[in-house]
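Engineer: Chains A and B, in that order, are what the protein sequence lines are.
Read in my numbering, the first sequence has 22 at position 22, and its numbers run on one by one without any break.
Read in my numbering, the second sequence has 462 at position 252, and its numbers run on one by one without any break.
The hints are simulated quantities; they were obtained by calculation from the structure and are not laboratory data.
Ideal Cβ positions, reconstructed from N, Cα and C, are used throughout, including at glycine.
As a list, the in silico EDC-like pairs of lysine to aspartate or glutamate whose alpha-carbon atoms are at most 20 Å apart:
#1 B:Lys247 x A:Glu64
#2 A:Lys162 x A:Glu64
#3 B:Lys254 x A:Glu71
#4 B:Lys247 x A:Asp81
#5 A:Lys33 x B:Glu258
#6 A:Lys207 x B:Asp225
#7 B:Lys254 x A:Asp38
#8 A:Lys192 x B:Asp222
#9 A:Lys109 x A:Glu64
#10 A:Lys203 x B:Asp225
#11 B:Lys227 x A:Glu204
#12 B:Lys247 x A:Asp25
#13 A:Lys192 x A:Glu204
#14 B:Lys227 x A:Asp178
#15 A:Lys192 x B:Asp225
#16 A:Lys207 x B:Asp223
#17 B:Lys254 x A:Asp81
#18 B:Lys457 x B:Asp446
#19 A:Lys162 x B:Asp223
#20 B:Lys247 x A:Asp67
#21 A:Lys33 x A:Asp81
#22 B:Lys227 x A:Glu179
#23 A:Lys207 x B:Asp222
#24 B:Lys247 x A:Glu45
#25 B:Lys247 x A:Glu71
Far from chain A by the CB rule (all over 10 Å, computed), these chain B residues:
#26 Leu267
#27 Val279
#28 Ala280
#29 Phe285
#30 Asn412
#31 Met418
#32 Asn421
#33 Thr426
#34 Ser438
#35 Gly471
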Amino acid sequence: MGLDNAETLRAEGRRTGMRDEALSDNELIEAVKAGDEDAFAAIIERYRNPITNFLYRFLNDREEAVDLAQETFVRVYFALDRYHTGYAFSTYIYRIASNLAISEIRKRKRRNVLSLTGLFQREDSETEEYQPPDHRQLQDDHLIDGETSQLIQTAIASLPPKYRAAIVLRDIEGLSYDEIAEIMGLGLGTTKSRISRARGLLKEKLKDHF
Amino acid sequence: MEKDNIKIDLQDDGDVKRMLSSLGRVDAPNDFTFRVKARIAEQKAASEHRGWAPAFLRIAAPAAVTVAVATGGYFALIDNGQAPLPVAAVEETMEFAPPQSAEVADAGPSVGSDIGEPSIPVSNAFADAKPAPAPQRAQARESRPAANTNEGGGSTVRAAKPPAAPLLPRGIDPQTVIPNTRPGDAAGTHRISDILQMIGVNAQRGAMGWNVSGTTSAGVGGRAGIRSGDIVVAIDGTPINNTDTIKGTATIRSLQLIREGRRVTITFGR
Numbered sequence: 001m002g003l004d005n006a007e008t009l010r011a012e013g014r015r016t017g018m019r020d021e022a023l024s025d026n027e028l029i030e031a032v033k034a035g036d037e038d039a040f041a042a043i044i045e046r047y048r049n050p051i052t053n054f055l056y057r058f059l060n061d062r063e064e065a066v067d068l069a070q071e072t073f074v075r076v077y078f079a080l081d082r083y084h085t086g087y088a089f090s091t092y093i094y095r096i097a098s099n100l101a102i103s104e105i106r107k108r109k110r111r112n113v114l115s116l117t118g119l120f121q122r123e124d125s126e127t128e129e130y131q132p133p134d135h136r137q138l139q140d141d142h143l144i145d146g147e148t149s150q151l152i153q154t155a156i157a158s159l160p161p162k163y164r165a166a167i168v169l170r171d172i173e174g175l176s177y178d179e180i181a182e183i184m185g186l187g188l189g190t191t192k193s194r195i196s197r198a199r200g201l202l203k204e205k206l207k208d209h210f
Numbered sequence: 211m212e213k214d215n216i217k218i219d220l221q222d223d224g225d226v227k228r229m230l231s232s233l234g235r236v237d238a239p240n241d242f243t244f245r246v247k248a249r250i251a252e253q254k255a256a257s258e259h260r261g262w263a264p265a266f267l268r269i270a271a272p273a274a275v276t277v278a279v280a281t282g283g284y285f286a287l288i289d290n291g292q293a294p295l296p297v298a299a300v301e302e303t304m305e306f307a308p309p310q311s312a313e314v315a316d317a318g319p320s321v322g323s324d325i326g327e328p329s330i331p332v333s334n335a336f337a338d339a340k341p342a343p344a345p346q347r348a349q350a351r352e353s354r355p356a357a358n359t360n361e362g363g364g365s366t367v368r369a370a371k372p373p374a375a376p377l378l379p380r381g382i383d384p385q386t387v388i389p390n391t392r393p394g395d396a397a398g399t400h401r402i403s404d405i406l407q408m409i410g411v412n413a414q415r416g417a418m419g420w421n422v423s424g425t426t427s428a429g430v431g432g433r434a435g436i437r438s439g440d441i442v443v444a445i446d447g448t449p450i451n452n453t454d455t456i457k458g459t460a461t462i463r464s465l466q467l468i469r470e471g472r473r474v475t476i477t478f479g480r
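In isolation and in its complexed conformation, chain A is listed as follows (with noise of 0.2 Å):
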């Protein structure tokens, strides 16, 4: 759909009062490249809480994951003349996602801060990292009680970043085997084993507390 049949639609949404929902991402994104800022907010309305979930249950920090979160935006806002439509924004906007999660932890290791995930972390662990639990209770975190979601949480966190960005992608944003094998720039095959392997691990560190 051309950018004049994009803002015909979106002219035609605020007349009858639909919302950008009725436009692809793509469409909202070229609305955008022509100058269009709403459109732009929509895409952020559009993603913010796919986009903090899973920095969220990437760095289990709720703050540092809405601040990322922000910084995902900021950067796709700048980088949309470099992004080409031909691909799904939905897998470009994770990847920029995963890719400032796994930088922040590179950061907390360089800061070489004492890791409190030894709970679950066996001797030949592959991670070291800072990861303080966050008690605030979360207004959607109902379904399982707070103790066995923060267990869950830790234990998630406590997985080598490789294998936690593809079981949060799979298992919690329910993200199909090939758009995470594009976000995490992998092949089928090793993407279905590395998220084979990561629910291994996590059943292996869950299973003396279930």
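Chain A is already provided as a structure; the job is to place chain B on it using the hints.
Structural biologist: Chain B alone, transformed into the frame defined by chain A:
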């Protein structure tokens, strides 16, 4: 779904998947969009405020540093003798290799020394000639052979049109070119007094070395900073404190002196 309704029983990967999908979701705060827009506006303002100058500096500063390092490294190599001297510096290098013959020296380009350095022919045949004026020195630069050539070389222009006056390095007094040298003596034995005299240094052999009694105003030695009272103890690292002659190509790159008790090295060619 009520709390604790989920029974976690991790028997297989499917259980792990169900457990993870049962975790609650964390939503972005209500002011999320506002904060993202504020960040974008802040970065836009910052980039506009920076203007073109920082962008220019981001490119120019590394480039300048690279050039400076490369230049410094080049001259460091010259110090170590691992890089050829620039043409302008070669002018200042004293070469004492005599020509194969007066005719050869007069008719064409000079013959390179056995260490591959360009050389300027100096011969008794030039004894009556005056130092070459600046344009002719420029011509000399054109006609110098490439490094590592043992014979021939030089420019065809020079070969076709021999210079009217002999070409001598600046500061070389044609009246004091090495006497008693013979053709083919480039790598032979030279008298130290002759070598020093050629660069305008008057010196007599003493107990520690060659005591400088004075320098000529136009000589290379005087312009390089050699002065009365200095004691020349080595040429290019070869001690001369107990000898009157020196063997080799008679190409002076440096002199080692003792000045007021301190050892000083004067390097030519820069």
